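Chains as they are written, first to last, in my numbering: chain A, 2 to 422; chain B, 16 to 241.
Warning: the hint list may mix true and false statements.
Under the rule of at most 20 Å between Cα atoms (straight-line distance), these lysine to aspartate or glutamate pairs were calculated in the EDC-like manner [stated by the list, open to error]: (1) K5/A with E94/B; (2) K249/A with E260/A; (3) K14/A with E115/B.
Note that these hints are calculated values from the structure, not bench results. Computed from a predicted structure; not experimentally measured.
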Amino acid sequence: MGTKYKLIVSISKSLLLARWKQTLVAAIGVTFSITMFITLLSFMSGLNDMLDNLIINRTPHIRLYNEIQPSKIQPIDNSDKYKTYHNFVSSIKPKNERLEIYNNAAIMKALKKDNRVLGIAPKITAQVIYNVGAIDITGVINGIDVEAENKLFFFKDYVTTGNYIDLKNTPNSIILGKGAAEKMLANIGDVIQVTTTKGDRMQLKVVGYFQSGLQDLDKVQSYASISTAQKLLGESNSFVTDIQIKLKDMTVAPVVAKEYQKLFEVEAIDIQTANSQFETGSSVRTIISYAVGVTLLIVAGFGIYNILNMMIYEKMDSIAILKATGFSGKDVNKIFITIALSIGIFGGTMGLIFGFGLSNVIDQIPFNTAALPTIKTFPVNYNPKFYMIGSIFSLVTTYFAGYFPSRKASKIDPVVIIRGK
Amino acid sequence: MNEIILEAKAISKSFHDPITIQILKEISFSMYKGDFVSIIGKSGCGKSTLLYILSTMDTDYEGDLLIDNVPMRNKKEAELASVRNEKIGFVFQFHYLLNEFSVLRNVMLPGLKLGKHSSKEVEERAYQKLKILGIENEALKKPNQLSGGQKQRVAIARALINDPLIIMGDEPTGNLDKKNSEIVFSIFQELAEVYNQSLLIVTHDNEFAARTHRTIEMEDGRIIKM
């Protein structure tokens, strides 16, 4: 069996080398398409990851919080008389409930024990007004646990000027959003004044600038340590409005969120629900890259198809004599499939190598944009999955490109060829 | 002592395009081991058509064909291919050598396909056959470097590689000049007499036919003399 296959391979090789220029052109077609396929997907997916990370890195997988909500049951609903009526009287209005998460210390303790949880970071969101001269600018100060925030959400990467840890070490300090700082003409070391919604005023020292890449956010948001925020709001040191949770496996977030909502009696929102539009954007971009890549491969496949067809016309006599001397249609079929697959394997392998090289070149091209402080060069994702898909695809397309010509070759009637002479 | 190696039983064949013409009419004959038979007849009498049916390459016929006492009807394409590989050697009017391979490799191909011997043994056997035909010095050349007569001798060597039951030839000297025809004929004669090889040769050369052991003469799809 092994020797039989060796014979077929050696015949394929000779036929292939006899027309090596044509076969090289066919292989280059495959190489080109696989190169582009790999480069396109690596680059596109690098960009996707970067854009997703813009949100995903900074977004907790689950966020626990309290929301001001109207009472679900109005007194009239409790009346037996009107139970079956359509009631529209709502005498109990939403009241100024505390936004604090009750008993948050116990919740955090329980969360830390849950082994699905990678980490948690408490947070306080405070609506404030920045006072600049005679003008007031509305803003939001996030009170954060600096170390936990950095560990889970890479806080450091987004602090473009100043040292992030100063936020913890300097009392009454603030890291301003870049946009907000520019508006306020606030430099590092300056002291700015903020007013809370309750009317309390506080002086805060600027220790750094923060740039998330989302300009609207940077115009409004600033960061302070959790204790500074508590002081700002005049709350006790157990006051926390949000608990941000990062899970080990992001995909279970919706399920876990529901579970926590019931267990801790708080609102819980998962990342998938909060940011569904990003998922959609990424998947559309991925589909486009695959579509372009597959189109290139199919075009290359037609190239192989043409060349094999030509080869079969040229080698009609050879095929006829092979069949006359005892090679079956199946053997002839195998010979041409082998030729097609060798073109595919050679072209595909070269394509993978060139694809890797070209991705590497793109990875070196400088890419500086104010919106993305952490990115210095074009992002490229070297996912081995693309290389796997590329090689499988090159084999599949070349196989199909070889299939029809090979079948034609195997059906050649030697009598017609030999008697036609 | 003479065993039948090839038997045609009432073989008929018709072409249906554009109108039905019966080209072979109930051909029956037998060939024995060691026979050197020639089929002659005018152009269009059906002698080549008959040869291609006997060679198992053409399967569109009525009647029965037995090779080595095994009926060929209802055999699959791959089975017929292996019958051709093992039991039949071909020599055509045109040499049909593969220019991509050396002369030696061309001779070896059917042997490698048969797979009965190792490739080393097949190579040795190919050398032997080339030696019988006096062209062993050309073994490593490419076919397009040889003369017409030499090419035809390579084709004969290729036909011999698997020690076939029978060698079939379709005008094997048709493309050759007088001198080379003579060489090819004497090779056939030597094969028949020295090696007891059975041969079935279609020719329109009456002089050639006269020197074979037995002549079958055809006309209008029938055997008129045998």
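For each hint, the structure was consulted:
At roughly 16 Å between alpha-carbon atoms, K5/A and E94/B fall within 20 Å of each other, so this suggested pair holds. Only pairs whose Cα atoms come within 20 Å are accepted, and K249/A paired with E260/A is accepted, the gap being roughly 16 Å. Restraint check for K14/A and E115/B: satisfied, since their Cα atoms lie roughly 10 Å apart, inside the 20 Å limit.
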